[in-house]
Amino acid sequence: MRVPTSGQAQGLPLQGKTLDPLKRVEKEIKKCVKCGACRAHCPVFGALQREPAVARGKVAIAQAVLSHGIELDDRTYADMSKCLLCGSCVEKCANDVPTDEIVIAAREALAQQRGLTTFHKAVGRVIRNRKLMSMGAVAAAVMGPLFFRKVPATSGLRLRFPLPFVGSKRHIPNIAKKPFMERHPEVIPGEPGKPRIVYFVGCMTNFVYTEVGEAALALFRHLGCTVIIPRDQQCCGLPGMSGGDLATVRELAEKNLAALEKHQADYIMTACATCGGALHKFYPAVVGKKHPELLERCKAIAEKTVDAALLLQKLGLNPVETGEGEGIRVTYHDPCHLRTRNITRQPRELLKSSPGVEFVEMEGADKCCGLGGTFNVYHYDTSMGINAGKSTAILNSGADAVATGCPGCMMQLSDGLQQRGAKTRVMHTLEVLSRNIRR
Amino acid sequence: MLDSRIIQKLTEIVDEDNVAAEPQDLLCYSYDATQMQFKPDVVVYPADAEEVSLILKMANSERIPVFPRGAGSGFSGGSLPKGGGILLVVTRMNRILRIDTDNLIAEVEPGVVTEQFQEAVEKLGLFYPPDPASLKFSTLGGNVAECAGGPRAVKYGVTKDFVMGLEVVLPTGDIIRTGGETVKGVVGYDLTKLMCGSEGTLGVITKIIFKLLPLPEAKKTMMAVFDSIDGAAKAVSTIISGKIIPTTLEFMDHATLQCVDRRFSLGMPAEGRAVLIIEVDGDRDLIEKQAGQIHGLIKPLGLVQFRVAKDAAESEQLWKVRRLVSPSLRDVNPTKYNEDIVVPRSRVPDVIRRIEKIQQKYDIPIVNFGHAGDGNIHVNVMIDKEIEGQEEKAHEAIKEIFQAALDLGGTMSGEHGIGLSKAPYIPLELSPVQIAAMKAIKHALDPNNILNPGKMFPE
Ligand SMILES: Cc1cc2nc3c(=O)[nH]c(=O)nc-3n(C[C@H](O)[C@H](O)[C@H](O)COP(=O)(O)OP(=O)(O)OC[C@H]3O[C@@H](n4cnc5c(N)ncnc54)[C@H](O)[C@@H]3O)c2cc1C
Ligand code: SF4
Ligand code: SF4
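Residue numbers (my numbering), protein chains in the order written: chain A, 709 to 1147; chain B, -1 to 457.
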């Protein structure tokens, strides 16, 4: 039975500006007409089946916090933590209620009122610190549970991590011996007259799924592009956003903007749906909210940012040129941060046209995998509960490999499949496409 | 406030995890799609009829109000715990118990989401037609309790037409079965029909037996644009008297089209004043033929554009126009009162004209769209509550709209129910004797008035 608790923060008087982040989204909060349509789309609600877990509930709680009907207490903290920031509800909401932004605002208010949790403080410390990052410590922060201990360099996904204060059940991937960015020069020149592409790599690719970075390089070089990998790029900051640590996100956003603006890019390319979501949506919507000058710069970067699959199609990648590859049956999982940007058709078309690929659609390909940034740290079981349906669908599709456009999803999908003892490979779309390109 | 003894008793009936009473829980079960708010004292999630029965027995002897709730998507406040009490959420009871392909029936628990049920039966080549626009999230229990309808009602009818039997926990805690699995059955009063549309005031539905149909082979969607509202209304009766019963006949008036067009360019001919979305289903050959026949029938009625969807994608495009209506209305004014009057099909133009007059009189925007095929019109009175006097005006206008529907031989509400928001108006439609008869039924089943009190009848 859940009755009022006497949590430590219960009844603390609200400090002066604590509610400011929520006030900034008050207009958005008021747009919610409580129709309940999000019950059909919110993955967390799907798993928990309780109204406080659905977008409508979270918006109602945010609204009540503003009107002083509900306090920023332990329970509000718990409710606001139950969001993947996946945008599934936003995409389907007839009234354009940006619940993800509202939850971020609530988390910022909670962080101001109560301070960051130990975990999120650590996340912030790691993602702000390039040294820590290049030591490989960061990937852990990004993926949640992994990073506060050095990861033994044994292979594949076979590790089970006994971590001090977070879910210890996750199978986590191996950490690369040498981060992707340290393996390549900053500028890799291509053919004259071909596009200049600035690659925003992202931590998961840099430290864990380096093969995604290699595949991206191979493909864009195959097209003759100049690829620039700005040295001073940072974590996109989304893990910090998850915890309401907006100060860190702003700091990182500014650094990333500077790093990206420096190079005259025709395109800014990401192969990580989450990083793409940050550059595209969250920087302008959240970071820029109270800084008009920053907002303009965020928008300029957002305009140039393109997902790798979309860009490959745009630049006319002809997969046939890439030669006949091993026969492989592939299905595709839609990362939320691509799906909500309407990038669903292009990766499938590319996969289908890739030689040797037999494409099969799985049931519920558009459903969230349940990772949700640091969500999975606090709610590992719910996270894997959401993932269970996904694993089943992948297995039912009969595919040899599941392709997707987000290294975060890759980790989550691997974990789910691994726990079922399945042999299905988890690949990035770019890996499938670049199978036959000589590197 | 309930004393902790009651909460204690509830935790003895269901386990601790299924009783919730923190402020956040109470807040999140205080609203539905009407946007009114009333907080319960405690929320309970029973697992089956036995638990519901124990909860109701306890509540009945303690005289504590109990409010059943499905998805909370109701449009009339039916699930709102006004005055406080126990909010009883049925969504844990969410299993499809069986689908019987020999007898074309299915038995479900009330918390199953409408669309999930439809998908399950369609996999077996069967069909459950009722299709409220909320089908992706509303529950079947809520559908039965409100007797929900949808576009397909023209041809197939509404929820109650598919309910063959129920398991109901009465307010006293007794569990009864009504109806059954047979097409025929005349023993005793028809309690099944009584429960349909009873809005959770007579009992908590814990199982439903539905009738199913074979899934039609194919469907065809058409969009017809007319130069007058009369043309569109005439088209409805012409099609039906032409011996074609379409699955749906959805109607949008000029004001609606303008709203949609403001956000999404529809490419509508300038002289278009009303639109019908027409769908037929059945054998592939038959519906091809019907589409041609429909075109022939409505051509002389001021038809300015006629589009037939070639495939599922094009059909989706046409339906998208209809679905864009609700969200785009908000651009007119922030608050909408969404009424759902019904008139006999042939009176649709008359009622629209009456509503135009009411709109002029009160000078507030009123937008009409809905299910022309069964005369069910969604009348949206759009106001800005910030502007002084508008709310009062809206209430006056709504009263006149109801009166107009009644004058034309219709009814105040086709599918959204009475609940809290329409209770004050029912004396317009029902005589004191009718109301007394209904209250007598309520009193007989719920002598202490503990189940969903304050709903349906004016206070
Ligand atoms: C966007 C939108 C579109 C809609 N479109 C339509 C439409 O096209 N047609 C239509 O008819 N309605 C429509 N509705 C209204 C609403 O969805 C329906 O009334 C639906 O049937 C309510 O189901 P629910 O599960 O949300 O019930 P709730 O709102 O939770 O409850 C509705 C009523 O049913 C009672 N109840 C719920 N479950 C039970 C049970 N197991 N036993 C006894 N009583 C119970 C409640 O006490 C309450 O009185 C729409 C609503 C929205 C928000
Ligand atoms: S968030 Fe959107 S979909 Fe959910 S209840 Fe509010 S308006 Fe409806
Ligand atoms: S962003 Fe995703 S998890 Fe969060 S409320 Fe919306 S649908 Fe649910």
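The hints are simulated quantities; they were obtained by calculation from the structure and are not laboratory data. None of these values were measured; they are calculated from a predicted model. Errors might be hidden in some of the hints.
[Unchecked claim] One-sided excerpt, in silico: chain A residues whose CB lies under 8 Å from chain B:
no. : residue
1   : Gln757
2   : Ala772
3   : Glu959
Heads up, the beta-carbon is just placed ideally off N, CA and C, and yes, glycines get one too.
Hints versus structure:
{"no.": "1", "hint": "Gln757", "verdict": "holds, 6 Å"}
{"no.": "2", "hint": "Ala772", "verdict": "holds, 5 Å"}
{"no.": "3", "hint": "Glu959", "verdict": "violated, 32 Å"}
Hint check: a violation occurs at hint 3 only; the rest are consistent with the structure.
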